[in-house]
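There are 6 protein chains.
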Amino acid sequence: MPQPDHISKLGQPDQSELDEDLRQIFAKCVEKLGFVPNVLAAYSLRPQRLRNFMTTYNEIMLSPSGLSKLEREMVAVVVSSANRCYYCLVAHGAAVRQLSGDPELGEMLALNYRVAQLDPRERLMLDFAWKLTTTPHLVDDSDRDALSQQGLSQEDIFDLAETVAFFNLSNRMASATDMIPNREYHQQMRVAPPLSDH
Amino acid sequence: MPQPDHISKLGQPDQSELDEDLRQIFAKCVEKLGFVPNVLAAYSLRPQRLRNFMTTYNEIMLSPSGLSKLEREMVAVVVSSANRCYYCLVAHGAAVRQLSGDPELGEMLALNYRVAQLDPRERLMLDFAWKLTTTPHLVDDSDRDALSQQGLSQEDIFDLAETVAFFNLSNRMASATDMIPNREYHQQMRVAPPLSDH
Amino acid sequence: MPQPDHISKLGQPDQSELDEDLRQIFAKCVEKLGFVPNVLAAYSLRPQRLRNFMTTYNEIMLSPSGLSKLEREMVAVVVSSANRCYYCLVAHGAAVRQLSGDPELGEMLALNYRVAQLDPRERLMLDFAWKLTTTPHLVDDSDRDALSQQGLSQEDIFDLAETVAFFNLSNRMASATDMIPNREYHQQMRVAPPLSDH
Amino acid sequence: MPQPDHISKLGQPDQSELDEDLRQIFAKCVEKLGFVPNVLAAYSLRPQRLRNFMTTYNEIMLSPSGLSKLEREMVAVVVSSANRCYYCLVAHGAAVRQLSGDPELGEMLALNYRVAQLDPRERLMLDFAWKLTTTPHLVDDSDRDALSQQGLSQEDIFDLAETVAFFNLSNRMASATDMIPNREYHQQMRVAPPLSDH
Amino acid sequence: MPQPDHISKLGQPDQSELDEDLRQIFAKCVEKLGFVPNVLAAYSLRPQRLRNFMTTYNEIMLSPSGLSKLEREMVAVVVSSANRCYYCLVAHGAAVRQLSGDPELGEMLALNYRVAQLDPRERLMLDFAWKLTTTPHLVDDSDRDALSQQGLSQEDIFDLAETVAFFNLSNRMASATDMIPNREYHQQMRVAPPLSDH
Amino acid sequence: MPQPDHISKLGQPDQSELDEDLRQIFAKCVEKLGFVPNVLAAYSLRPQRLRNFMTTYNEIMLSPSGLSKLEREMVAVVVSSANRCYYCLVAHGAAVRQLSGDPELGEMLALNYRVAQLDPRERLMLDFAWKLTTTPHLVDDSDRDALSQQGLSQEDIFDLAETVAFFNLSNRMASATDMIPNREYHQQMRVAPPLSDH
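So the sequences go chain by chain: A, B, C, D, E and F.
For the first sequence, our numbering gives the first residue as 2, with consecutive numbering after it.
For the second sequence, our numbering gives the first residue as 2, with consecutive numbering after it.
For the third sequence, our numbering gives the first residue as 2, with consecutive numbering after it.
For the fourth sequence, our numbering gives the first residue as 2, with consecutive numbering after it.
For the fifth sequence, our numbering gives the first residue as 2, with consecutive numbering after it.
For the sixth sequence, our numbering gives the first residue as 2, with consecutive numbering after it.
Because the hints were derived from the structure by calculation, they are not lab data.
Every value quoted in this text rests on a predicted model; they were computed, and no experiment measured them.
No incorrect hints appear here.
Here are the simulated lysine-lysine pairs, PhoX-like style, with alpha carbons at most 25 Å apart: (1) D/Lys132 with C/Lys10; (2) A/Lys132 with E/Lys132; (3) D/Lys70 with D/Lys33; (4) F/Lys10 with E/Lys132; (5) F/Lys132 with E/Lys10; (6) E/Lys70 with E/Lys132; (7) A/Lys70 with A/Lys132; (8) C/Lys33 with C/Lys70; (9) B/Lys132 with A/Lys132; (10) D/Lys29 with D/Lys70; (11) C/Lys132 with A/Lys132; (12) B/Lys10 with A/Lys132; (13) A/Lys10 with B/Lys132; (14) E/Lys70 with E/Lys29; (15) A/Lys33 with A/Lys70; (16) C/Lys70 with C/Lys29; (17) D/Lys132 with F/Lys132; (18) C/Lys132 with C/Lys70; (19) F/Lys70 with F/Lys29; (20) F/Lys132 with E/Lys132; (21) D/Lys132 with D/Lys70; (22) B/Lys70 with B/Lys33; (23) B/Lys70 with B/Lys132; (24) E/Lys132 with C/Lys132; (25) F/Lys70 with F/Lys33; (26) C/Lys132 with D/Lys10; (27) F/Lys132 with F/Lys70; (28) D/Lys132 with C/Lys132; (29) A/Lys29 with A/Lys70; (30) D/Lys132 with B/Lys132; (31) B/Lys132 with F/Lys132; (32) E/Lys33 with E/Lys70; (33) B/Lys29 with B/Lys70.
Okay, the calculated bits of chain D under chain E, using three or more residues with CB under 8 Å as the criterion: (34) 86–92; (35) 99–113; (36) 179–193.
All residues carry an ideal CB built from backbone N, CA and C; glycine is no exception.
Bound-form chain A, shown alone (with noise of 0.2 Å):
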């Protein structure tokens, strides 16, 4: 069966016509991951919004913060599986899998995480992200005091509901522009390193 070949359903323009600082940023990429992530690609055809995008994107996943960023993915992954997000459950499942070394976990978060045995620090932002993600106008006080009771920070709290805001939105854009992830993500970190690796 042939699979989708295209990267945004709205298209994009060729990586040849973007300003020079949009190509730097896409050869580093290339660079880095082997490729230029579909996501920025196909942001590409609003190169202000992208540049907005990247930015954004940056600070909530990869700046200091009280979160890990393997929790910050970890998250990434249940809101992108609450709205059933083909693009970003791919792209951050292998994030997932690649920071924990753990090639069932990014699975499990993706399919159900209910089914993950996690710590309840972890399992309790799992939880606070679903329910932003599926019913945020029942989000209250006991919510915001369970969080501060396993040991987030005021600020903690916020990078979380942040991070849940930021892949609400991520995954409404992979949605609406039937954006396909690159390839390259399926096969990443399939089989656990061994032990020593860790």
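Knowing the structure of chain A, use the given hints to seat chains B, C, D, E and F on it.
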């Protein structure tokens, strides 16, 4: 009944402690609007994230686009209605009243947009906003094709999708922090101006 | 944007053609409120049903009861919010603003009552109203017991239930006929009176 | 297994303590039906509300209308099925069996009306009843137009809508009070009469 | 109103054309029940699948188990209620009436099991049946633990789960084929036997 | 993060204690697959039920039918996606990758089948699987007719329906027991074979 007197349940720094650039922006808000929108105060708990939020907001809501500013505000209100987000319904409901000069239109969009008499392009955009918000996994080619047939370019569809996606982000930030809108919004443009003002 | 100019999509007789008793009631409305509420005009398509509707309405909303008139209006708004009923949200949102002297309270109840700061009795009644509206088959002894423990008598619980039930009726009449509220409601009590008026 | 022996969980006065007019009505019920329907006993906790309920009920279910009495009972059952209301399904399921002379029809409507073989007018009315019950905010011109095309006048659509609306009220009164139907209903018309009786 | 006269919308072979073993089973049904249950006739379109279905059914519903036959039938009805399956509600509602000797119990379970007065073990099993049917992905240790605490062994929980699971299969076969139950079920045990029969 | 090391939360007997016929089957699994699928080990808590499960499974998934084995596996995955069943998504996702030689197709079907490029027959069968799983009470003649028009015989529709129905059974057994899939599935066919292998 005493109503909430917090801005965000996560708290926020005193404005005098903010970086110079943020203080200047807040001063400008007071100058132009008479107040600092509470969403900005709430976001100032995490200053760099506030900067990114404002940059993204301004691009999506105010930059040149095939969608008018009123159309973008209408989308904001319908997304917020689907998510039952109090903050965004109050703030952007006021914006719809102001930009349209029609005090009832904001109410209709906030409460059930299907009762408003809209031209087919507007109605289609709002139906798309509702669907992309509530069942993003069901959006498909037929939705994009219908928008194209109403004259939206690929860039217009991108901008529409990002407006929907962005309010799915900001609705969740408001719900996660129990953000309360500035009281000023409630009174804005409750009476239609005389016709000569249109 | 021109907004709807109909009262009900099913039409209604000219008021001059109504029976004498109904014309007198309508005249009294104009005298007291300045207008005939559109729900009465819409119902006049079926005069005997209009009479019954008014009798039931007056008993439920205005007769002596353990629930205050403001509490009954608050319930009306929360039921109408669950059902996304434009007519009732506009008309009874105005009533909440008037009876409470609090222009924001009506907005909160219409958009997401969980953001309002309510005393436990009120909050419990509104939670009950939401549940009885959206999942009536799940109401059970624990719900009735909780209301009793807040001091409601059996008669009070009956009156609360009938208020919820009645707006589930009237919301559906409004939706079925696309009933449009009188414009006057939109402007009522948008600014809180000076404190001495309370 | 002992089954419930209450009429309403809120209790009700002894019938001998009721006002004369209500006692006469109850006596007439016993004369005609063999029993006082429990909904009336349950409502007698609030006598004036009982009077209004009976007046409204009689007008909607028994007065001259473009809808036959069987059609109104069919609507009652389908609304009650959507709301999973035990009391109304038992009482009005029996009424459908009696009025139609078809012991299976009441079962079909109570359990899943889509399996019944209905003429297009009936099916359309029942689809409308389901939609107005479960998603009233989505009812629009296309629904009203479809009913008109099946020959319903504006008054007929009004009567249909009010029947749906009324059972959304009474279903909630039954659920709120855990009203238990009289046992007599269960046995009524379980076997189809010989053809000559039709 | 003429009611459906088909057994399955997919049709089925004439019973005289079936293999000998199946004809013998059908003859035994007539002998014991007075008729061949339509589910067997419908399944005979695919004879080997019919054999497997009967084997599975007999093991789950009739073999020795920590769950009584009545309990298994009660589970069957509640699952079918959640799925609004007409065939199974009629056939297994009759079985509940027969096995319990209580003509109302089957009605309660079919229409809204929460109104029945059940002992805690039964209520817990039916709550589990509802949850495993409607939100299987949310079942977790707390559900299994609650069943254990009511005295169910691991094997009992397995049998309960498989009963729920099996009716989720058979409900869907009935819906997919529009299977119509034999008329005989409707009249079975509509009147409670005199007490001495219990 | 340590992942689950149980097979079923209800436990299972040591394989050496099983009856001879089951031990032989398990030995054959090891010979052919390299392992005993955990669903069989979990079911061995109730040996006769295990036998019936295997018989039914083999008939539905492996016997001659108008549906290809790949089509049946695709249906299995889409049903399991609707029910968010971790076990079946992992095990049958691997089967789709193997039978199709397309490592991405299994992912697409597990996460959101609507993004896959399917021929109309396949898409229709998967849409039917989703509908029969999530809203069985809404399946009607129009669904069956659409399948007929795509060339499915009555027997093919039966087989499709039973495949859907069977995974609604097995998904619930997996959820009820918290069944964990064998780790081997995760690594199977993650890279597409060179074209000459097809």
